[in-house]
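Two chains, each in its own frame: build the complex with the hints.
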Amino acid sequence: MFRKSATIGAGLALIALLAAFAPTTVFGASSDPTAVLTPHTINVSIWQAALIALGYYLANSPWLFGLAFFTLYRPLVAGFFVGLILGDPAQGTLIGAAINIPYLGFISAGGTLPADAGLAGWVGTTVALASGLDPTKAIPIAFGLGMLGTVIFYSRMALDSVFAHWVDARAEKADISGVAFMNVVPGQLFLFAVSFVPVFLLALNGPAAVQDVLNRLPLWAVNGLVIAGGILPAIGIALNMRFIFRGAAIPYFFIGFILMTATHQSMSLVVIAALGLALAYLHLTFVRPSAIPAAVGTALAAAPEPAAVSAGPAPELRVRLTRGDLIRSWVLWTFFAHANYSYERLQGTGFAHAMTPIIRRLYTTPDEIRAALKRHLVFFNTEPNFGNVVHGTIIAMEEQRANGAPIDDDAINSVKSGLMGPMAGIGDTLSQSTITPILLALGIGIAGGSASGSVVPQLTGTTGNPLGAILYMVLVSIVIVAIGYTAWMQGYARGKSFVTDILRSGAIDRVLIGAGVLGNMVLGALAAKFVVVNLAPTVTIAGAQLNLQAAIIDPLFPGALGLGLVVMTWWLLRRISPLALLTIYLVFAILAAYPFFGPGQKDSGDYSYGACTSSLLHQYSPCGAPPASTPTPAATPAATP
Amino acid sequence: MSLRLVRIDDRLIHGQVVAVWLRALGAKRIVIVDDATAGDEFLREVLALAAPQGVPVEVWDVAGGAARCLELVGDPEPVLVLARSPRTILGLRQAGVPIEVVDLGGMGAGPGRRRLHKTISASEDELRELRELEQLGTRVEIQIVVDDRPIPFRSLDSGN
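Chains A and B, in that order, are what the protein sequence lines are. By the working numbering, the letter at position 292 of the first sequence is numbered 292, and the numbering carries on one by one without gaps. Throughout, the working numbering is defined as the position within the second sequence, counted from one, plus 641.
Extracted from the complex, chain B is given alone in its bound form (with noise of 0.2 Å):
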């Protein structure tokens, strides 16, 4: 299991990735699915810039994100794999990727968006979305950086 760390974030490669998970896990490589920004050549470039020398960033669509994390899954190389949105996690976990833990880093409030814990916002879609993961068995966590200690996502969702 070279997964090292599957983590939604809306932001993507950021601080609490670069300095304190990347290096934590000891990932040597970064995958990153969205749609969106699969499209957006100038973010790609900056992702790929954007992470420490040596560390390369490869952007998916969520089909080919699923195709290349079967593949890493059996490589011993650990990596890192960001989405932007739980509906994304889903996508790769109905595809088949094995995602024994999907964690929480980062996901802003806004409008429609009830908070879950500190950062940590979902609106009712997403929450529909985490659960459908939790019922194909994989766990969700909230866990911000290295040093927290994991939150299950279903102690702090009332709403099921």
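In isolation and in its complexed conformation, chain A is listed as follows (with noise of 0.2 Å):
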């Protein structure tokens, strides 16, 4: 109830702030230099649209290694091979670039997904690229795509519980072969259909689709997604903010989005990147010499260690494990932890699947691999990476237990269930909510700087920069990896103790607060690049026509209605559901469009200054001062042979 009172009336709060500067309103005339030339569209053939379908299922499955949630699956790398596909990797990473801005925040945790940012990618960037539109309109059309593709998502959870018990049949038979198809093949192949086919069907009907609905609009509803673009943006940015807009970290935001108001937009998201690290050196070392870890770790250092079942593999074992099992293990694991992800058990059937090295090695009687494929198919979910830690001290008791040590089921289990919850906090608040977020605020930042230190906004500008998408993905896949391999190793060598050690010696709060600065820098600088609002109307001082953006806000402070709007929706955030205020913002946004003070625009290249000052918000840039005859085409995506 609070919830929804407090939704309307936010919205209405904002309608009535911004409809306080109608009565003001006159008119004038002059053109403006921006200006929409005919889009340069593509037709998808069918090769492409299977191609695209094939790149929806791969962003969704385990064959990447299992690093294809955070690769694939993000709008910006979508958009990168969308963009090849289609023959325009430069535009198309700028469109998956714009795309992926409302899902910096995104996180999906425990078998839950806000939204299909996948499918806002793939189909998003296709639509977008193939019927010429601008960036900034792919991202209203992707995010409805996105709260669509929720169902694939939802109906695979669903599905995969029934596999499950066919992974079941094979433990009950003691087929450890059996029990890895089992988890792999009937899951991938539902998500294989329900997946490809969809993409394939939008991909190829979409663009005509879109276009079609696009033609029929009025052209100041049109103009209206434009506007959207520019909010849009800020509720990706404010979702990220919840994690890391705290404390001491606040400035930061703040520093990286003066840096780049102050240089028109032209800064380099790496050189922002770069100071932030410097500042994050300088905030570690000097404001907060981590307080907290430290009086943990000596409250607690007093306390006994546990017991000898964490201590590593004593030399005197009958069976003992080889590294490559544990390779292999780890490996299995990194594929195939979500390969059957089911509501019933989420990764239960993949950590039994990554058990199966473990088992054909300790195990030799049909009863024993039995009981051990059963004790590791029960519900589990951690944080694939970080988490490893809890495989890795499972791993190191199975061999205990395969050499006699008196450990049970219930010994392992309850390691197993009272390890997996903290350690997915850890890790979800480590890849998730903080190394993923920056590393693509880094790599759009990159995608959409490519234009020079012009005032309009980058996502408008002709191409798109395809390092970002290609440096995000490298980036991000080494640190993934690189944190599973050293988890999983480390959990079987020292077992508990090294849960224990990693967390008192407050190294995981360092970076997260050193992450935390760097991470509102990119995020601030972010949100002066990408956030866009431009007051329309003008108002009459001393007789001179002074428009509001151009002549009055922009001079005092660049910028501060952008700013101003990321805090807003960041604050409302806590009171009202994103999806609430998505809505709230995109009907705010078409309304703006509405040429209420005056004629409106008569065609896409009207950009006279009676049309540009007949609505609340304006598209692109502000409604500047006067003339300038020739328009220059910045608004539309270039035609690459």
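Read the hints as simulated data drawn from the structure, not as lab findings. You can trust all of the hints, since none of them are fake.
Cβ-to-Cβ under 10 Å is the rule here; a few derived chain B residues that face chain A:
#1 Q657
#2 V659
#3 V661
#4 R664
#5 G667
#6 D681
#7 E686
#8 L690
#9 P693
#10 R756
#11 H758
#12 I761
#13 S762
#14 V787
One side only, chain A facing chain B, incomplete, derived with CB under 8 Å:
#15 A109
#16 G111
#17 R242
#18 F243
#19 Y343
#20 L419
#21 M420
#22 P422
#23 Q432
#24 T500
#25 D509
Estimated spans, in silico, between C-beta atoms of each pair:
#26 P717/B / G543/A: 49 to 59 Å
#27 G778/B / Y485/A: 49 to 59 Å
#28 P739/B / H264/A: 54 to 64 Å
#29 W571/A / L797/B: 26 to 36 Å
#30 A193/A / R755/B: 21 to 31 Å
#31 G778/B / S577/A: 26 to 36 Å
Note that the Cβ used here is the ideal one computed from N, Cα and C, for glycine as well.
Quick look at the structure:
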């Protein structure tokens, strides 16, 4: 109840605030430096549509060493590959970057999916690129697709519960290979069917359908989509701010923002990130010498070390695991943890699959094998990289058990179920809400940063920089694999004491604090670059017509409205769900494009002063001062041969 | 009322709790009530260290937890209460802790457990305990993450 009324109240307040400027509007005549050219369109062939659909399947599949969720699934990367398939990787990357911004705060934890960022990226880029839409228009369209896509994820989670019982049946027969087979094949066949077919059809028919709809819409409504494209990024940025815009790190957000606006959006995100790293070091050195972890560490240091179970393998073991067994097990987990992700077990079947090399080595009789497989088929879920300390610890326990140590099922289960939650908490904080968004922000900044220092937002520039997508892919893969491997091997070698040592050392807190500084800088810069709010109306002061944006706000504090919008969105997100806020912003953006105060645009190239100042907000850029009769094409994607 | 969220979750502290709920609610303290966890030194330490910096974690058994919750109810600082099973919450309720809503956030599937919704399953005993909680005036709702719409337990419980 409170949420609903707050939603409505906030929406009304925003509209009232902006409507307050309305009566002062007067009209003038001049032209704007931006104009739209006839869109360049691409016909998507059957083969291209099939490749795009395959790409979307791969983005959800385990086949890329489990890294698809961090790479192909992200719209920035999807945009690059769709561009590659359709013959324009630069523009594809730019569109993907734009679509990715609202998903900066995207987190999928414990079998929940707020929206299907993958579908938004793959289909959204295809539609925008093929029908020659500029990236800002693609943002709201892709976001709608993302809401629909969750159906695919949830249908898979439901059916995979059935397949989990097929895995059980193989375990009952002590069939190790059968467990591995059933964890991968049925789930993947189903996933292929539910992801390939809809995306293939959407890629083939979507561009024409979207163009058709856009052609029927009045011009002001289409402009409204562009305005929405400047406003919706505020939601993505604010969602991510929920995690890092806190305490002593807050000022760095404003530093990042001001650096970007002060250089007219021309400063490289890489430079800002480098500065952020330097400031993070200073912050860690001088602001907070990690007081809390130290205190906890000393308070608990006196506690006796946990039982001998946690120690590494003793030399006199009868059956020993080889390094190869450990690596095979880690590789299987990294690939197939989510191959059969189900509501019933989550990663349970993936855990059993990963244990197959260990079980093969340690156990010989069918009874032992059956018991071991079933032991590891129960409900399990953790963050699949940092959380690997659980697997390492469990493998060491299995090894000791096979050598006669008195470790029963309960002991193994209680370590698994006790550790999986806390490790997921730390792991998700590290990988999903810190490392990924920071690297993504960096990649998006590079992808959209090829244009020179113009005040026109970069998203309407002519090309993007594919390096942003490639650099992101490489960096995130290295970091994620390094964390996963280290956690696995250390968990095996040192067991529970590794967990307590790394937590007591405060190293994770230092990483998170440092990342918070860096993340705020990059996020602030990103907000300055991609959140665009341009007031269109003019006021008459002392006989002179002044555009609110160009003549009053920009000279005082460039980007002030965008900054205000982002901070307001961050504040509202504590009270309103992202979906409700998104709907409000979308409706508001389209209404704000309606020509209440003047004749409106006559055609898509009409940027006369009268047309520009006729609505509440204006797309692309401020309705600058007067004339310049030859408009420069800055709002259309380039046609690549 | 500073018990901002009372949640049943068999993984206690994990991604949904740390990355989603804690931030969304602005909770400054986590109180875990679970007899088995309270008796396990290693898990107590891991849980204490797994929470974000500056968010203290307390682990209590049911009796101690009830006393602590009663103490915290009057405190303005927002608190998140976590338990592994409905039995624990019932224990708190019977000890007089005023719990308006209990959130089912994670109850894994297993033999003898019926699936209610997505990742929420319950045994017959647990279903009975949840019904008892409702009779005592505590609303039981499923809301896995903060952006989900809460689903009343009553609407999914066919056995009553």
